[in-house]
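Trainee: Note that the protein sequences, when read in sequence, are chains A and B. Counting from 39, one number per residue, gives the positions in the first sequence under the working numbering. Counting from -2, one number per residue, gives the positions in the second sequence under the working numbering.
These are calculated hints, taken from the structure and not from any lab test. Heads up, some of the hints might be wrong.
[Stated by the list, open to error] In silico DSSO-like pairs for lysine-lysine, Cα to Cα no more than 30 angstroms straight-line:
hint	chain 1	residue 1	chain 2	residue 2
1	A	Lys220	B	Lys173
2	A	Lys220	B	Lys23
3	A	Lys278	A	Lys190
4	A	Lys69	B	Lys23
5	A	Lys220	A	Lys190
[Claimed, not checked] The following residues of chain A were derived to be distant from chain B, with all beta-carbon distances above 10 angstroms:
hint	residue
6	Phe42
7	Ala258
8	Met272
9	Val292
In this text, all values refer to a predicted model and were calculated from it rather than measured experimentally. A virtual CB, placed ideally from N, CA and C, is assigned to each residue, including glycine.
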Amino acid sequence: MIHFKKKPRVAFFDFACCEGCQLSVLELEEKLLDLLSHVEVVEWREVMSEKSDEYDIAFCEGSITRERDVERIESIRERADILVSLGTCASISCHNALKNRWPMNEVVDLVYGDSGGHIDTIPARPVSDVVEVDYQIRGCPVSLPEFETVFKHILTGQSYDPPNQPVCVECKLNDTLCVYEKGMVCLGPVTRCGCNAICTAYGDACQGCRGLIDDANTEAPARALFREDLHPIMAEVARKNPLTREEILAKFTVYNDTTQSENGKEASDGDE
Amino acid sequence: MGTNRSIAVHHVTRIEGHGDITAEIKDGALEQVRFSVVEAPRFFEAFLRGHHHNEVTHMASRICGICAVSHKCAALKATEAALGVAISDQTHLLRRLAYHGEVLSSHILHIYFLAGPDFFDVPSVFPLVDQDREMVRRAMRLKNLGYDLSKVVVGRHTHPIAMVAGGFTFVHQAEKLKAMKDRIAEGLDDLKETVRTLQGIDLPDLERETEYVSLTHPDRYAFYDGEILSSDRDEPVAPDPYREVIEEYAVDYSTAKYARWNRPEYMTGALARFNNNYEQLTDGAKTAAEDLGLTHPCHKPFTNTIAQVVECVHCLEDARDLIDTLVNGGIRPGREHENVKDQAGAGVGAVEAPRGILFHEYEYDDEGKCLSANMVIPTAQNLANLEADMRAYVPAIAGESKETITHRLEMLVRAYDPCISCSTHVIDLRK
Chain A
39 MIHFKKKPRV AFFDFACCEG CQLSVLELEE KLLDLLSHVE VVEWREVMSE KSDEYDIAFC
99 EGSITRERDV ERIESIRERA DILVSLGTCA SISCHNALKN RWPMNEVVDL VYGDSGGHID
159 TIPARPVSDV VEVDYQIRGC PVSLPEFETV FKHILTGQSY DPPNQPVCVE CKLNDTLCVY
219 EKGMVCLGPV TRCGCNAICT AYGDACQGCR GLIDDANTEA PARALFREDL HPIMAEVARK
279 NPLTREEILA KFTVYNDTTQ SENGKEASDG DE
Chain B
-2 MGTNRSIAVH HVTRIEGHGD ITAEIKDGAL EQVRFSVVEA PRFFEAFLRG HHHNEVTHMA
58 SRICGICAVS HKCAALKATE AALGVAISDQ THLLRRLAYH GEVLSSHILH IYFLAGPDFF
118 DVPSVFPLVD QDREMVRRAM RLKNLGYDLS KVVVGRHTHP IAMVAGGFTF VHQAEKLKAM
178 KDRIAEGLDD LKETVRTLQG IDLPDLERET EYVSLTHPDR YAFYDGEILS SDRDEPVAPD
238 PYREVIEEYA VDYSTAKYAR WNRPEYMTGA LARFNNNYEQ LTDGAKTAAE DLGLTHPCHK
298 PFTNTIAQVV ECVHCLEDAR DLIDTLVNGG IRPGREHENV KDQAGAGVGA VEAPRGILFH
358 EYEYDDEGKC LSANMVIPTA QNLANLEADM RAYVPAIAGE SKETITHRLE MLVRAYDPCI
418 SCSTHVIDLR K
């Protein structure tokens, strides 16, 4: 961790993503102006014309999906004292890694047809698979209170670990009816919280955008739905969601396809 | 002897996504000008295959952080068409309300944060925090009003929750919606200030008539629904099958997919909607257009940003009416979700995203799993028209300094408010 003697210089960078996380930051309104008064923003392509190669803190959004982006993130890592992965794409790959299930030439052919001959794409990896990350802000999109907290931790030289309790904790605190009781399959029991369980508050199921908690029992939801002596609530869930065991396990990969990410890493390492 | 200029802008700033400009001027004549998309492709159309429609519509909003509601609505409409699902009037009204929030926040982002700094001769909005803090606050207030209008319907703007095929997993009590009406009144005041601020700005002068393409609807200024209209034609055509109307094509110097209909290029977005559907704007929006000197029809691409201001007024006035209709009709809070049965089928969803017409198309198998996906996004459709504008504009400024030409071309790109992250299959291989 670093204690800054003068106003640290901050830069925002983006790779393969929807750029929604950096735009969400603008929602902080007056708080953003307060936060930014403690730093000097030197590069933020989306909203600034200035560019700079000199910065102390780099916020990086998006996944690494091209060879040239491997070089770019490595160069950012060399320049920045502190590198922050902003959002799920940068932290755990989000949907980007789903393409890794197919050979790259196959996905290129499918989307670009005959004109895709020169497309530069490699299996997608989160930033943390390519370079060391000092702070991680998960979420699709990031939650603003957490962004603010991490920002302050950086400025005051404190470390920050993303929350590692399941979404169920926040659901209970919010008094939200359990999604399973509504007959839906929810990834909340094994997904990291920090989002204030917003999706379940709006009647939807958790889709796992912050990735698994450490040592998550990913077999549990499937096991609970396929045992002999089904709990009545789970019997109703099973009736309404005729999913196979594989289909339930596949839900965990929508935001965080870890096995494929490992393949991607090997494929990319092999190219170097 | 004319001047020689070689322009190269790597990663144009203050646009959404990554794009480059190159231009070559020899002896005062334009040899070549291009806008290259250099965004890392993400392959949504490939990896959505195999996913259940519930996941497809959830993931589709992640194509773009600015137009998340547009992408989600296009995906929901396409999926509902494929599965033969009808939605209630309330769902329709709520989606349109969430939609207005997105158009407002997206336009305000562009007007003040992306294009705006050029009008005030600053490199970004940040110097204005000290120079004109009230203006920056106003911009943030308006942007957040847009977010909050979406939020009251779908939980947050990026990425929307609660909207699913067939309806909503959650709808707020009427009080929450009513509370937005005071905010809308304040927002309309802020927009009046915005009009005053922009009355004095001097936009580069470029006039080039082109084909304007947008959705059009018999009952309202089209955003969420309608048929496809070209300014070159009298009658609109149904969005399905859009492929038979709008032709995507490759050009020899690029593998980006360009689009054409009746001419080699067309424009889509705020100015196209203004030109095609002007009569359906609210009275306040028409007044704003008049105050801003935006006459109908308008063939000046730089005024696309001005047309966005007019649409902001329209969206807020119409949002106020939508809330009245919802509340007076007796809003049904909680879950309103039609039973969606998995079945095989294919469907198209067309919406007007803030930047123009957007198509999603999906085919599902009998288990409701995605067999194929295709999206045609507004920025891709605008590329050919943007380059045609550049070709028309550069000769007029060829004698200027390299810095001025570069800056004006950047401004022209920004006027289109390109949204490149959307570009699921826009890519340029000229590099």
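Trainee: State for each hint whether it applies.
Mentor: For each hint, the structure was consulted:
no.	hint	in the structure
1	A:Lys220 x B:Lys173	24 angstroms, holds
2	A:Lys220 x B:Lys23	69 angstroms, violated
3	A:Lys278 x A:Lys190	45 angstroms, violated
4	A:Lys69 x B:Lys23	50 angstroms, violated
5	A:Lys220 x A:Lys190	39 angstroms, violated
6	Phe42	19 angstroms, holds
7	Ala258	21 angstroms, holds
8	Met272	19 angstroms, holds
9	Val292	6 angstroms, violated
Hint violations for this structure: numbers 2, 3, 4, 5, 9, all remaining hints satisfied.
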